[in-house]
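Colleague: Protein chains in written order, with the working numbering: chain V, 1033 to 1418; chain Z, 1033 to 1418; chain C, 1033 to 1418; chain Y, 1033 to 1418.
Hints are computed from structural coordinates only; laboratory data are not their basis.
Same chains, same label: a pair holds when it works inside one copy or across any pair of copies.
In silico DMTMM-like pairs for lysine to aspartate or glutamate, Cα to Cα no more than 20 Å straight-line:
id, residue 1, residue 2
1, 1301, 1208
2, 1301, 1206
3, 1301, 1185
4, 1404, 1248
5, 1404, 1247
All values derive from a computational prediction rather than experimental measurement.
There are 4 protein chains.
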Amino acid sequence: MARLNWGMIGGGEGSQIGPAHRIGAGLDGHFTLAAGAFDVDPAKGVEFAGTLGVAEDRAYGDWRAMLEGETARDDRVDLVTVATPNATHYEITKAFLENGFNVLCEKPMTMTVAEAEDIVATARKSGRICAVNYGYSGYPMVRHMRAMVAGGELGRVRLIKAEFAHGFHANAADADNPRIRWRYDPQQIGPSAQFADCGIHALHMASFVSGQEAEELSADFVSCIASRTLEDDAMVSFRMSGGAVLRLWTSSVAVGRMHGLTLQVFGEKGGLSWEQEHPNQLYWTPVDGRTQIIERGAPDLSAAAQRASRVTIGHAEGMPLAFANIYADLAEVIMAEKESRSPDPAATHYPTALDGLRSMAAISAAVESANKSGNWTDARPPSFRG
Amino acid sequence: MARLNWGMIGGGEGSQIGPAHRIGAGLDGHFTLAAGAFDVDPAKGVEFAGTLGVAEDRAYGDWRAMLEGETARDDRVDLVTVATPNATHYEITKAFLENGFNVLCEKPMTMTVAEAEDIVATARKSGRICAVNYGYSGYPMVRHMRAMVAGGELGRVRLIKAEFAHGFHANAADADNPRIRWRYDPQQIGPSAQFADCGIHALHMASFVSGQEAEELSADFVSCIASRTLEDDAMVSFRMSGGAVLRLWTSSVAVGRMHGLTLQVFGEKGGLSWEQEHPNQLYWTPVDGRTQIIERGAPDLSAAAQRASRVTIGHAEGMPLAFANIYADLAEVIMAEKESRSPDPAATHYPTALDGLRSMAAISAAVESANKSGNWTDARPPSFRG
Amino acid sequence: MARLNWGMIGGGEGSQIGPAHRIGAGLDGHFTLAAGAFDVDPAKGVEFAGTLGVAEDRAYGDWRAMLEGETARDDRVDLVTVATPNATHYEITKAFLENGFNVLCEKPMTMTVAEAEDIVATARKSGRICAVNYGYSGYPMVRHMRAMVAGGELGRVRLIKAEFAHGFHANAADADNPRIRWRYDPQQIGPSAQFADCGIHALHMASFVSGQEAEELSADFVSCIASRTLEDDAMVSFRMSGGAVLRLWTSSVAVGRMHGLTLQVFGEKGGLSWEQEHPNQLYWTPVDGRTQIIERGAPDLSAAAQRASRVTIGHAEGMPLAFANIYADLAEVIMAEKESRSPDPAATHYPTALDGLRSMAAISAAVESANKSGNWTDARPPSFRG
Amino acid sequence: MARLNWGMIGGGEGSQIGPAHRIGAGLDGHFTLAAGAFDVDPAKGVEFAGTLGVAEDRAYGDWRAMLEGETARDDRVDLVTVATPNATHYEITKAFLENGFNVLCEKPMTMTVAEAEDIVATARKSGRICAVNYGYSGYPMVRHMRAMVAGGELGRVRLIKAEFAHGFHANAADADNPRIRWRYDPQQIGPSAQFADCGIHALHMASFVSGQEAEELSADFVSCIASRTLEDDAMVSFRMSGGAVLRLWTSSVAVGRMHGLTLQVFGEKGGLSWEQEHPNQLYWTPVDGRTQIIERGAPDLSAAAQRASRVTIGHAEGMPLAFANIYADLAEVIMAEKESRSPDPAATHYPTALDGLRSMAAISAAVESANKSGNWTDARPPSFRG
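So here's chain V without its partners, still in its complex pose (with noise of 0.2 Å):
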């Protein structure tokens, strides 16, 4: 496959996601890095940009004049990937895709519902492709789960258990210490910590497999750690759209529990369970019957389960190869609309603006459910209620 053109904004020296960023895009070789805006410090961020082979002209010292200089060329990247700080998503985000570039951004899209909104809407209106970075959608197995369930294997999807816990914000004593303290505090974050922070991950998730969406929500926030402002532990029920109940929880103080994102999806005819941290394998209970395992690489997997696998079976893939799994669909879908041709279907689930956006919307209701003595609160975006 012909290399595309790819830039980034963000993602610098030090940074922990810019290398997860470059390795996913690079491991296929669809993309060569060919721009980026790296650094809040202009000569950092080009210099850094050299160190990276990124060509003089197109090391650039802010976004602003990335979006200016790559708008010019003829040879302007095919995709943006936007991994600046939160707050600055929405803007970055938004002019790129107002003049007409491919984007893909880091979670979370924006900083409320209504940017939200924006970005969908901006998003349909300029036609590019606009995604948002929810990773753990393209472990293979996950897929194949989400393919099952389309399938029909599972019949209706009644009960979905999700998690997302893990216990690295568990030191007290640690809790004021400056690398952890904001990720707790209202004015930097918004009005969720550990629900915004790992819950939607275990929502987006819940939702990419089942097919089902939010509809209401009842939610549980608390603060293990007094100190604390913000929620470093989640209980939130969900009734989702095809009528099953999702139960998510999420925590930072649940020490032994390292990623821990599972997913459970119980159907009419059988039940799924998968672990983030042992991705290859994938546990199968027809009703009554008996549990069998998946692996990864079998043959007789779904071909959206073959197109995200790599390497033969036994062997373990793990996370950085489930993050390719999304440029690697990007790549796909743009090389189509350059070549005029439809594209695999098995490319086209990565997550999206829409995605971002109900994120946005449940984050919203369950901060205001949580305030409310666990009321049950409309989990929709604005544009999706009646």
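Given the coordinates of chain V, assemble chains Z, C and Y onto it according to the supplied hints.
Modeller: Chains Z, C and Y in isolation, oriented as in the chain V frame:
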């Protein structure tokens, strides 16, 4: 240790719980089955008693005859187990307590909170033992968890996660089978099905291990199979007496889960994780440390866990031995009284009428909360409210 | 079922195996402990018998007195368990068989192959039961494996992998502790330590499940702790009677392994995997298919597994119940004879003197092979050789 | 880091190993694919080179043309990967080394021990890198095991257990399928099949982690499917240079095992256990202590493990990233030479021609031993014998 005399009401031919009690009581040789009224059909009960080696004059036709007969004897039974249908537990337990017998009552102890308050008061007045059979608390590693919490190894417990989920009622085609249907019929079972049946085991475990009692709760009850009046899936969040939050999930439509009773306890200094299906291992993670696997039978376990273990490390022990531990505790406490000595302190943690009362109060509160959009509801027994 | 009379030799105060036998024999109520000679010190044995409820006239000072006393009684014990020091098994077992008693002998049945041949011949002549306590074969899922193989579900068994490894003798500083040292002293234990102690359990399991007996073997014995005369680690490869290869590893210096008895059986049509530490699950993989988890207590298990199960699916059963299954089998077979009927065929798979003989032959062959650079050596008992 | 030029021989269209190398080499951006001779069909190779972005003048028709072309250039490739059919490895690797290129050769490095000795000598004389692709040694937790052993945390290593078992050649009906059959054909593959294909990975891992080399071995080879000339199952015991015993099992008929590469290392002070299918966790048990789970990404890991990790704790990393670690090491060592500095010591543990030679010697010895009733056989390369 000399043998104690034991009597049984219910648990006759074809009963599932009857053999479990006989294994539990007989396993260590503390109890001799000396008397019984095993069946609603007096003749069948008397005949069955014979097959169990009960002497003719102590094979009773019904519990009233047994109460009368045993009360009149010098060698009256030292303990009576009540394993009759739920609706009769209250009357029988009360009658035996009032006549000075020690009782082990199957769960649920009563059908209402008021009855449960009455049993607690009756037991207190009688000075007799009224134990209730939350048998999972007999597992050695559950007792070790309790000892770790009590010994301060976790610091203050902040958060508890308890689950009891199975999938054996998930087959909609089988839902109207009488074998299943009665479990969701409010006429037969009271106002709660899955929470009352399985959820309260999880609640008892959480209280047993943490030393904290339920104070308030918010519940969400769902019938995943539409024909059911009562819930087959429930999520309940609690505020506990020591400040902990408890997240409790129970389900009977979670296909792929067997008897998925799991407990995770997260404190200031570390977290514990245990699951009933693999009960001989306990996972302990100190804050900022590595997860350690604590094995049943290890030489450094607490006295409570040592007392509850019978075979060497690396050999599985299961549910029947956990159950036998409840009986072993009762034997020790009864013998100690006979011998006018203090019982082994490690033997005094068997569940009592108070636990039965607290369960009934929690069921009542959960039903009320679920009916009121999940509103937070007082979960304490009336006698414990300010 | 009416009760049988049971007697015990050895297993007195402080013994580890004694309580295990009493739990196993007593669990289902088939056997009443009616007689015993529990200790080398006659007075201590008689006193201990009293604490167990044995009548005075059947509390014997030594096994010879017991043999004489019981032989003279009409209500003589229906089964004698021999749980004395290893060197005495042969003499006691033989004497009781010759006098018409059924015997359950602890392993090893004898100290030499010749003695074992003699026990087999004696048992045959007497027409009495001579069982040997390979208790792990009592696990329900082990019996299910055997039933699957016997029923042809695996096709021809090609390859078996059996392990019994622990790490409790790995501490060099503790190696000269008498509690450990005697286990590696040829004067006390014979020519093999770890293979004779643990390895033969694994060998018995392999034969029990596959229905194939050891024909030839090649052994490698190692003393990882230099001060030991006998092996603490052994690898033995076998050729089995049905053409299968058995790879057997046993070790007492494998730190981190508990009682790691595992069995994998690979046939033409699929493979099985089981481990003693989590005995309620069996993993079954059809060739070119998905691994399935077979749960103890599932309704579709073999009759042999059903017979050996006591509690419902999802509840752990452990080693003491496996042990009790051996006793339950013996009770059924003894009762059937008393009642002049055929026993339940599922009860006839307990290990016998033949298994004890085959173990002794394998130990002898393994020692010989290990001494001759691993040369392939006939592993059959002399009486089974061409 | 500035980019290095990389060339590839073999690994063309349809190859499985080709994409794995390109992902591995490309992942961190150290290497640019600058030249290649990708196919035995020159035209196809040149065309394929174009799709990979290789410049026309460096898309070669065969390896000889590439050797000539690259030797003539100032910007010659810094590393050549040899991923051609096994029988050609020796000739190509030797030619490139002699002309001053660094080489990464796929395994097996050669077809005979003599050729392997020659490669080692050639590499030494040339002063160039000759790496061999034992890619599993790139896993972070494998490197951590090595660091723990080297740092003395286990004390002297006494015993190693290594397995590489799968079941993908177990279907007898498929055994004559050419896709499978060639793997057991001595004409194509040499004198060993399963041991040479998978077993030597396990052997390399054992040596890599323990720091001990094979000195003597005793082998048992079996063809479980009778039509096979070569072994599909092998058990080999070793005596290692530091006194440890290695038990190595490899099989291709172990139905239910995926790519079951596992390693257990038992030392005086504790034991380690790791499995390739869940490579992010390492189990460590100190003698007389509790098993601990060491997680990839934990802050207290060794420098070698840290260097080999890319994503945060709790996120799975898999085989492609392990593979990339070998390339990252080579990049560091090559760059260090260019920059006249010492390489990061943690980057110097990639497998070399010496490992390739030791593997060939072990294969040769195992075949000899298996043919001689398992006799103990010198496993060292001729040049390492007294």
